[in-house]
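2 protein chains.
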Amino acid sequence: MIDYNNPAVRYYQQVSDECIHYLSIDGVIFGFHQNQLNVLLLRWKGTNEWSLPGGFIKKKESVDEAAQRVMQERTGLDKLYLQQFHVFGEATRYDQEETWRKTTIPLQHIKWSERTISLGYYALVEHSKVVPSPDFLTDECRWWPLNEIPSLLFDHNHIIDVAIQSLRKQLTDQPISHLLPETFTIPELQRLHETILGYPLDARNFYKKVMASGTLERLSERRAGTPHKAPYLYRFAGTGHDAVG
Amino acid sequence: MIDYNNPAVRYYQQVSDECIHYLSIDGVIFGFHQNQLNVLLLRWKGTNEWSLPGGFIKKKESVDEAAQRVMQERTGLDKLYLQQFHVFGEATRYDQEETWRKTTIPLQHIKWSERTISLGYYALVEHSKVVPSPDFLTDECRWWPLNEIPSLLFDHNHIIDVAIQSLRKQLTDQPISHLLPETFTIPELQRLHETILGYPLDARNFYKKVMASGTLERLSERRAGTPHKAPYLYRFAGTGHDAVG
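Chains as they are written, first to last, in the UniProt record's numbering: chain A, 1 to 245; chain B, 1 to 245.
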């Protein structure tokens, strides 16, 4: 029996009718305050269980529009800077039964897909501009400093970890190294940058910039077979690339 | 009438039975060769129509596994460096009817979802190591230099454009600027980097590195109300952030 008097049940029935099955959106909303990264979390109605903000994609809505809608409702901000950072697509992401028991919502009779692939978006916002607002399923919405986040519903602790890793990579990663052989010269690296960017770079500035990045290691060998003074070979210093899958 | 003698029709029927509806994977496989970026494309059977490699996610397979499987089959390489770069989730991405007519596959009677959300992955590979191989629906698989790519099936020219933009952003973007007020001091920027990275940075090296990046603009004002010599204020020079949606 489906209890249609329960508003949460009615909400999920509506989602099942109007939204794309198998897919959800989860949002990691980051703010920087008092030298700490903070994340916006929601406390589920009548419980002490917390989760990230999230939602579903309507059948005729783009996924980016759905993400903007969900995050806008939680923050009061429009035109948020959002970044899709990862698709959480493991065949089994978390224990569905245990999770729904914790939320106290009687969902066992709702028709829903046997797995949900979540599109992870992070939002980068100015902390002071946000007005946190709970949604239909939750009592409270507030900032949590990153190092005090409790054990969350679903796989949301993992999702936050991946969001942070993704921010870190923006600062440190050199994925284009995968396009090069293990060793290369600075002019070769410059040509790759120019090809990706679509415009020429000044050789002197390029050299200064890549040296300052601290990511290159100069080898003792030089490139053989070049007509002029042979250029040194370089390689990327242990940048720890992760292949997916 | 569904023509089950047509192998392509049988293939799509199998996909409809075994894979997750509404979702697909498209792969932009980049190689760098003779100072040019190249992309691997497939020519559809009996036509002169080209597309990116792609595929679908089996009901019990993770999305990353599905992407590895698809790209491995086209390149002969395993453990590819793959990056999810964008989810193509517009409600209408391309003209379905026109596209299927061009492929000459009689798909009008296959039960399939009215829209497909595509998970875009790029692969960065060493050009010389790839052995291009066509798939079940195609006659030919080969490298195309980026500036010679023809008009492709589906929205695949757009997908390649977004993949390039995503590579460019890796080289130039400063998304963390969204976490800061418009103006800030270098020590404040350093604290943000340290918070994201989770470890302290040397102030002298940090200063050299961010200055060499060419992304900061120093203002004539200084931070007021600081006990010692007031530090200069900076802002990010026109980095052209795009909000999503």
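Think of the hints as simulated: they come from the structure by calculation, not from any bench.
By construction, the Cβ of each residue, glycine as well, lies at the ideal position given by its N, Cα and C atoms.
Among the clues, some could well be false.
Just so you have them, the derived chain B footprint on chain A, three or more residues with Cβ under 8 Å [as the list claims (entries may be wrong)]:
#, region
1, 35-44
2, 47-53
3, 100-106
4, 116-126
5, 132-143
6, 149-163
7, 190-201
Within a straight-line C-alpha distance of at most 30 Å, the following computed DSSO-like cross-link-like pairs (lysine-lysine) qualify [unchecked claim]:
#, chain 1, residue 1, chain 2, residue 2
8, B, K209, A, K209
9, A, K129, B, K59
10, B, K79, A, K169
11, A, K169, B, K102
12, B, K58, B, K129
13, B, K129, A, K59
14, A, K102, B, K59
15, B, K169, B, K208
16, A, K229, B, K229
17, A, K60, B, K129
18, B, K59, A, K208
19, B, K229, A, K209
20, B, K102, A, K209
21, A, K208, B, K208
22, B, K59, A, K59
23, B, K169, A, K209
24, B, K60, A, K59
25, A, K58, B, K208
26, A, K59, B, K229
27, B, K169, A, K169
28, B, K79, B, K58
29, B, K229, A, K60
30, B, K45, A, K169
31, B, K60, A, K58
32, B, K229, B, K169
33, A, K208, B, K102
34, A, K58, B, K58
35, A, K60, B, K102
Chain A side only, calculated, beta carbon under 7 Å to chain B, not exhaustive [claimed, not checked]:
#, residue
36, L216
37, R218
38, A230
Which numbered hints are broken by the structure, listed smallest first? 2, 3, 5, 6, 9, 11, 13, 16, 17, 18, 20, 25, 26, 29, 30, 32, 33, 36, 37, 38
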